[in-house]
Amino acid sequence: MPEYRWPEMSKRKVMGKRLNRLDGVEKASGRAKYSSDLNKPGMLHGATLVCPYAHARVKSIDTSAAEKHPGVTGVHVVSPAGTEIQWAHWEVAFVAAETELAARDALKKIKVEYEVLPHVVHEKDLNKVQSRAKAAGEQIEGDPDQALKEAAVVSEGFYGIPVLEHSCLEPHGNVVSWTPDNKVELNPTTQAVTSIRGDMARAVNVPVANVHVHQDHIGGGFGSKFQPDRWGVAAAHLSKAAGGRPVKIFLDRQIEQVIAGCRPSAFARIKLAANKEGKITLWESQSWATGGFTGGGSPPIPYVYTRIPNQRKNHSAVSTNTAPIRAWRAPNHPQASYLTCAAMDDLAAKMKMDPLELFLKNVDLTARADTYERQLKKAAEMAEWKKLWHPRGDSGRGPLKRGLGIGVCTWGGAGHDSTARCNIHPDGTVEVELGSQDLGTGTRTVIAQVAAESLGLRVNDIRVKIGDTNYPPSGTSGGSTTVGGVSSSTRKATLNALEKLFEEVAPALGAPATELEAVDGKIQVKGNPAKSLDWKAACAKLGVKTISETGQNIPRDAPKEGLNTGGVGGVQIADVTVDVETGIVKMNRIVAVQDCGTVINPKTAESQIYGAIIMSICGALMEERVLDAVTGRMLNNEMEFYKLAGIKDVGEILVHLEIDEINDKRGVIGLGEPPAIGGIAAIANAVANAIGVRVPIVPMTPMNVLNTLSGRMS
Amino acid sequence: MQPFEYASPKTLKEALALLGGGWSDAAVLAGGTDLISLMKDEVMSPKRVVNIKEIAELKGISKTAAGIRIGALATVDEVLSNPLIRASFPALTEAARGVASPQIRNMGTFGGDLCQRPRCWYFRAGFGLIPRHEGKDLVAEGDNRYHAIFGNGPARFVSASSFGPALVALGAKIKLASPSGTREVDAEKFFLAPSSSDVREVDLKPNEILTEVIVPATAAKNATYEVRQKDALDWPLATASVALTMKGSTVASARVVLGHVAPTPWVSAEAAKAIEGKAVTAETAEAAGKAAVAAARPLSMNAYKVQIAAAAVKRALMAAAGVKA
Amino acid sequence: MAPALLEQPAQAQTPAGVLGPGAVPVTLTINGKPMKVSVEPRETLLDVLRNKLDLTGAKRVCDRGTCGACSVLVNGKVMYACTILAIDAQGKQITTVEGFALSGGRPHPVVQAFVNHDAQQCGYCTPGFVVAAKAFLDSNPNPTYEQVKDGLGGNLCRCGTYIGIRQAVLEAAKTMKGGSNA
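Residue numbers (the numbering used here), protein chains in the order written: chain A, 25 to 738; chain B, 459 to 783; chain C, 49 to 230.
Any given hint could turn out to be false.
The following label-pair restraints were derived from C-beta to C-beta distances [what the hints assert, rightly or not]:
#	chain 1	residue 1	chain 2	residue 2	range
1	A	299	B	611	32 to 40 Å
2	B	475	C	73	47 to 55 Å
3	B	611	A	132	31 to 39 Å
4	B	482	A	736	54 to 62 Å
5	B	555	A	299	48 to 56 Å
6	B	710	A	736	34 to 42 Å
7	A	63	C	154	43 to 51 Å
8	B	710	A	132	38 to 46 Å
9	A	92	B	480	26 to 34 Å
10	C	151	A	81	21 to 29 Å
Hints are computed from structural coordinates only; laboratory data are not their basis.
Don't be surprised by glycine CBs; every beta carbon is placed ideally from N, CA and C.
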């Protein structure tokens, strides 16, 4: 069995290089075909009818006029009479027709009678939604009462962060055909090429072997795209009804923004106590969150500083008549980071202490004291903390106030279960095949870099084939598990294949297979370039055979193999300027110091961090689901008042990725999520530092900032 | 979107003949940046769309005896880059700069800016200009963070026009054509606060087309200041346009007009009175800003807009007078 | 009575020059080529490009003129294809990302700069940004960093690729000049 460990850092030729992503030109030139771009022969178009009420019962539904509409091939009802609808924009029926226009026109001919029922959509005031709140039960550690008595300082605060919408630019949807031979062809937009196959098979009750999934690209997922969903299943049924013609259903933006993914809110009243040196002794929290009608959403607090000796925690899940949450890039962590870091920052302010000092003084309450201490110091240096920080509110005259703030993160990121297949053909062609997907993280590119490294080739010599269930199963892209999983399985598959190639080539080189190596496009006797065959010549020795070897990353075994692992910390410091006359917060800069393992491509890894921080800026300053109390509907289910930052709104971003020999020995660790956690906390604390008071509710819009400054925030 | 007929006449006369007596008969299409979204949302479903972009006489920006004529079809970008406008009416140039994005500035027209419908989210969701649902006043009882702080209702939306406040401050005249002739309306009177959802928010009849705007020549120093959270692709929370006739270093007379705070551009006589007879300084401008909002009546969620409107007035006055903050 | 009878058919008749509401044949000039297609007046240029001409580089994201993913050039100016009626695009030069991004397999300098600076992740907004960047550079060949941020304000990205985009546009400005001087 080959030695799978990564080559030493100094000896790597392809891994660790800042290479351009392999599908970059294809995407930037508009040539890349996402599933939403497909125009298949005979394809029908679908449209989605949703319920306008937040809580209602379907009394009757009449689709006859819609079915007769010219061009319509079928109507598929998913909420028949009797269905109790629990949130607005709940799917009621789908129509398939020859054209999109015909499908949309037909939709208007479906007659639905509803019995409208009372709804609750807002959870900010826990007292008003007690009937909808489910308490998790008190959790106690140590002796919180005694700790409170002994405390030198007690700081109390209220903090809240609303529900955000994933807002994937490619809406949810798919092209599906279910042909008369009982085969299902699925072109989804998914983070789970391999597993969506089985989910679809179960949903439409066909054997898994009859389902084939293919997806070249996905236009954003962020945790919201794993399942076939109602529209996928409906498209399958509508296809079957149309004799197997492909049916394309992608959600309209107005529906996408409501039901296709949101993350839970988090609100908390937090009490922190410390001794006079600033060592935290007590955490008390009453927290609540809504995860939609089905509940869910519980921030892991206290966050990172988990080892506060005395704790009393109560959490309630509030069921509202809103669409269910889906996983979101580091589920619950940004909320937890915000609640914890804001409370710590307020404690520091109450003690008239530099928060950097407080965060440092308490690093022994974290699981990675050394890491956080190092990162806090590095981030402070990069952010010019000594020069720019000032005591809270001491921001000088004039309407523009500058401030700095800290946020921290932690995440796992170990590789998922993944199998790769490496094919080496007699003409020298190398294919690496995985039932994986590239979310934009650069998965294709890191697979090629790993394969090229193993085989002594260049990335362009590797044909990476992903996004298809004809390839070996690979895990879902969630939890930052992809790069660890696919790099490890690719490493093993390519080395296994290379071992076979060595066996074929050994006689020609007059050396045992175990004495061969693959270097710079050649197979040679170890350390002896004179005895070598170039790659093509070596592969020609295969005759008519193709080597086809697999390799699997099994999470249970990964730690001892050393190819991937999990567990990182990170620190971010935000630098903002607040205009106290208009309430507008402008980003000057964010610095991110991010722990990592083996980094296969620093360029795409840094892109993950830039993107994660920009997502945090959106969440800190502008994003918010706005719901109407009277109608129960979302009011900003579009992209104009559901605000996302533009190119000029994000300031400068400085990234320090801790690539070094020591970290490298840990193996690959996923990086998509950890940098998406601490930004909101950092920005919130920077705003407090700038204006002298805590804006308790995120996002820090002009409304929330000015309401806070004027004492209107109740 | 509902089906509709389409016509693209070459002359104003032909275009006017294609309009009807009711709003549902026909809609005028220029840049389309508002109309097409309204039709997609089926807030408007005209039977006919009359594209006026091919009508040469509605285009262009030119100097006239009376001042500057801005054709209805001048794009926002043309207004932004026009040197005549920049020299005399920086209030308009700045208003143009604040319009959404390069794409919208290339597409959107001057006339379209004035005739666009409100962005009120209840209106856009189909509940009407004065939105009610099951007997409830949706704006009063709902989320009114972006709604009016002036005007006393029942209309609570804010005028979306970017150029409106500047035109009102500059005393512009808006010219309208109908099959029976033309008329001219003061910019200030063009914008209306309707008392029911059936009434339009501008003084425009279904069979009329806004043809051009005349901005009278003036020596008044003028400026616009917009407060937007995002740099681009965002609607202002409040704006102020001011025109100051100076006598030496003091303001002899002032026009102060707020935007995005009422169903119409909101003329503040109080702010004008506060600054008249004084030199513009940070202090006098701030006092004028406070005076501008003294009579504001915010709704349940938008008291913050009162502060922003005051800041906008202060900053517009300082910009017009060239006073550094 | 008689005049009314005479007028009635005239009223029912569609006035000259009025088309639709059913499908009408139109010719669109796209990437320099005339394309004949049958459209209803209510169809947007974006939907016609994507559904009828298989030009899918422009994406349908917000569909309300807010996000820029559908950006195309109309007579050289960048516009939102989701907010243009296809019938209204007749007689104009429409350039989509497919029209310039690759020529003879070689990436346009803007495309190459986006790749060099990793100015994309999921890539769904990227063709729109590339179109907007080209239009911006065509009229601002020597932009400053601040001008780049102003010039690209009409497009949104959810993955957060703005840092790379800023650098890409600056680089493209240099390479495009190099190319034209060479």
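Against the structure, the hints come out as follows:
1. At about 56 Å, the CB distance of residue 299(A) to residue 611(B) disagrees with the hint of 32 to 40 Å.
2. About 25 Å separates the C-beta atoms of residue 475(B) and residue 73(C), a value inconsistent with the hinted range of 47 to 55 Å.
3. At about 33 Å, the CB distance of residue 611(B) to residue 132(A) agrees with the hint of 31 to 39 Å.
4. Range check, residue 482(B) to residue 736(A): Cβ separation about 43 Å, and the 54 to 62 Å hint is violated.
5. Between residue 555(B) and residue 299(A), the C-beta spacing of about 55 Å keeps the proposed range 48 to 56 Å intact.
6. For residue 710(B) and residue 736(A), the Cβ-Cβ distance of about 38 Å falls inside the hinted range of 34 to 42 Å, so the restraint holds.
7. For residue 63(A) and residue 154(C), the hinted distance range of 43 to 51 Å is not satisfied, since their beta carbons lie about 27 Å from each other.
8. For the hinted restraint 38 to 46 Å between residue 710(B) and residue 132(A), the CB-CB distance of approximately 59 Å leaves it violated.
9. Between residue 92(A) and residue 480(B) the C-beta distance comes to about 30 Å, which sits within the given range of 26 to 34 Å.
10. In this structure the supplied range 21 to 29 Å is violated for residue 151(C) paired with residue 81(A), their Cβ-Cβ distance being about 59 Å.
The earlier numbered hints that this structure contradicts are 1, 2, 4, 7, 8 and 10.
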